[in-house]
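From first to last, the protein sequence lines are chains L and B.
For the first sequence, the working numbering gives the first residue as 1, with consecutive numbering after it.
For the second sequence, the working numbering gives the first residue as 104, with consecutive numbering after it.
The reader is advised that the hints may include incorrect statements.
As the list claims (entries may be wrong) - Some chain B residues judged to face chain L by a derived CB distance under 8 Å, without partners named:
#1 W109
#2 G114
#3 G117
Honestly, the hints are just simulated from the structure, not real lab data.
Note that CB positions come from ideal geometry on N, CA and C, so glycine has one too.
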Amino acid sequence: MSVLIDLMRVALGVNLVLLVGLLYVWVRNYLQFRSKHTFGLSLFGVFLLGENALALYFFAFHPVLSPWVADPTLVPRPAQIAMLVLRLLELVAIGVLLWTTWD
Amino acid sequence: MEAALWYVLTGTRGGPNRARILQTLRRRPRNANQLAEALDLHYETVRHHLDVLVDNDVLVTGGDGYGAVYLPSPRVRQQWDVVESILQEVGVDEDRVETDTESDTDS
């Protein structure tokens, strides 16, 4: 049942795209304003981008970890569902943030 | 209110222009058309920013229809020191607002 894990990988990819959109706004504003607030937003975006990039690497490209996580004998279905749900919630959270920021 | 102001003015795509709009209106209330001219922005862009700022209770309108002028809301005027520090950090100051419009036409 690695469909769940495939979905999680897609969510990770979409997260990366949305975060690039957020960083486009925040870093541009930081470069213009140099304010603490825009600096903080930019840093937040960079670290969340790093987290998702690393997760995508671990769960989609890492030669050892990636096959493990999709193997239901190693990571049973309830655990795969849990991983997917967490990523989907993160996707919604970032999406909402982008929606309010892209204004 | 302070966090909301920071976010609306510096955390969003249109933030930089909204900061310029607020600074300009603080000096003298204007309508959307006059603002677009003063800041060298498209009328539709200005309209959108004005709606956002009114929505967030940063601005209020005086009069109605096409000629309605916009001015800082009582809530914002009460906390003008917060706005002042944002605009200062943002680099929008009194003298630059009207003279800098030529070089600052993006978005």
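Q.
So, against the hints stated earlier in the document, which numbers end up violated here?
A. none
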